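J.: Note that the protein sequences, when read in sequence, are chains Y and D.
At position 191 of the first sequence the residue is numbered 190 (numbering that gives the first Met the number 0), and the sequence of numbers has no breaks.
At position 161 of the second sequence the residue is numbered 160 (numbering that gives the first Met the number 0), and the sequence of numbers has no breaks.
Read the hints as simulated data drawn from the structure, not as lab findings.
Note that the structure is predicted; figures quoted are calculated from it, not measured.
Each hint should be verified, as a subset may be incorrect.
[Claimed, not checked] SDA-like cross-link-like pairs, simulated, lysine to any residue; straight-line CA separation at most 25 Å:
| # | chain 1 | residue 1 | chain 2 | residue 2 |
| --- | --- | --- | --- | --- |
| 1 | Y | 182 | D | 134 |
| 2 | Y | 182 | D | 128 |
| 3 | Y | 182 | D | 88 |
| 4 | Y | 182 | D | 124 |
| 5 | Y | 182 | D | 118 |
| 6 | Y | 182 | D | 132 |
| 7 | Y | 2 | D | 88 |
| 8 | Y | 182 | D | 92 |
| 9 | Y | 182 | D | 113 |
| 10 | Y | 256 | D | 92 |
| 11 | Y | 182 | D | 136 |
| 12 | Y | 182 | D | 1 |
| 13 | Y | 182 | D | 95 |
| 14 | Y | 182 | D | 114 |
| 15 | Y | 2 | D | 117 |
| 16 | Y | 2 | D | 67 |
| 17 | Y | 2 | D | 95 |
| 18 | Y | 256 | D | 113 |
| 19 | Y | 182 | Y | 129 |
| 20 | Y | 182 | D | 27 |
| 21 | Y | 182 | D | 125 |
| 22 | Y | 182 | D | 123 |
| 23 | Y | 182 | Y | 277 |
| 24 | Y | 182 | D | 98 |
| 25 | Y | 2 | D | 91 |
| 26 | Y | 182 | D | 67 |
| 27 | Y | 182 | D | 29 |
| 28 | Y | 2 | D | 1 |
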Amino acid sequence: MAKARRSRRTLTTLVVLVLISVSVITLDESGRAGSLVSGMRSVARDVFSPVRSGVNGIIDPIGHFFAGAVHYGSLQQENQKLQLEIGQLRTQLATSKWSQEQTAQLQRLLALEKLPAVKALPPVLAQVTAYGPSNFTDTVTINKGRNTGVDVGDPVMGSNGLVGRVVEASHSTATVELITDGKSRVGVEYGPKLNQFATVAGQGPGRDLSVQLVSTNTAIHSGEPLVTDGLAGTLFPAGLPVATVSAVRSVTGAADKQVTAEPMADLSGLSYLMVLQWSGSP
Amino acid sequence: MTLRVAIRLLVLTAVVLLVQWTIGLDVRIAGAHPDFLVLLPIAAGMAAGPSEAAIVGFVAGMAADLLVPTPFGLSALAWCLVGFGVGAVTGSLTRQVWWLRPGVALAASAVSVMLYAVLGAVLGQGQFLHLDLLAVVLMVSVPNALLAAPATALVRRALADAETRGRLSSVAPARRW
């Protein structure tokens, strides 16, 4: 009797929790609780980000200390000392290369400001603080938020090209959905007169982009640049470099060509990004 | 569940969330990273039973959903089902073997990833099924299997207090082992 009651209570608990979850998802997806959810997420990020930075600030020096202690203890012979010196020099070289790469990335990013499409939009320089918190999305977190004018929908540039767009913005941080994310769709134009249109779709981290809606009688070749089309109602302003066509394949009987493209921006080692403040009108 | 237990559960969730964001996100192989939060409902299932595990899964899922740009409530739904499942399955087991906890954590973590992807696809996030799910499954399951024993002990301690200790021990499969 008691066992049956406990079993019924357990099942009731599950049913209640499932119903609450489904209701929350439904409200969020329908947009009815959109502002409430985004507000809660914004507050959570504003509270969590400084705590995370603080903990990282504590963890990193401790890690360095223990690493140093371990290395010091192992230095008993001259040979090991020399090996350590070699290691340190290599680290310095690697650090120097890393710094150079960072500087180069920043310079390439600032060079984008000369593009006519970028010139017209006020830029906000931001730094990547974390890579995607979910295994199911391809996003990065940046250290600029609403307090610096960054808002949801703003396009984000990396060195050489478009990286993605802001999908969530809190007071001091923002989440950028990369163009490789499976949900990302970018309207692009190509061809000698830029009068052909297609859609670039993300296929997940590390994978090439898929260029959709390229009909079989359209001329497109490898190495062709794709830039945002800026058509009315699109998510990006016109003229931003997006990707370069990497492969074109025609399939017999298919209405469209199978086209893949590589992002112009190097998405594997993002450090600095440029958020373009864009109101949404092309 | 008493107020004391609820507070402990919230603190534990916050700590694991912090570990996830400070350490978990930096460990990345093939674009995937470990997910320590899902270990909470799995451990609760093994330590305290299906009802407690479903609650832990719901709380941990809601906390995770606050910080990820996916449908709000999706992790809560998937994890409360996973926690309940683990509690129900392990509750019916009576044999004690050393690999049971890591094995359950491994399998349940894999199920949680697949369940999340399928539920996401049902909710219009079809791209979840086109990801490299094998890499995600491995990156979530293997670390969780290794951490299963300490996590179960930690969650058992968090969920039990003077009032509930007796009740938990009567339903906790882990205590019978």
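J.: Looking back at the hints listed earlier, which ones does the structure fail to meet?
T.: 3, 8, 10, 12, 13, 15, 16, 18, 24
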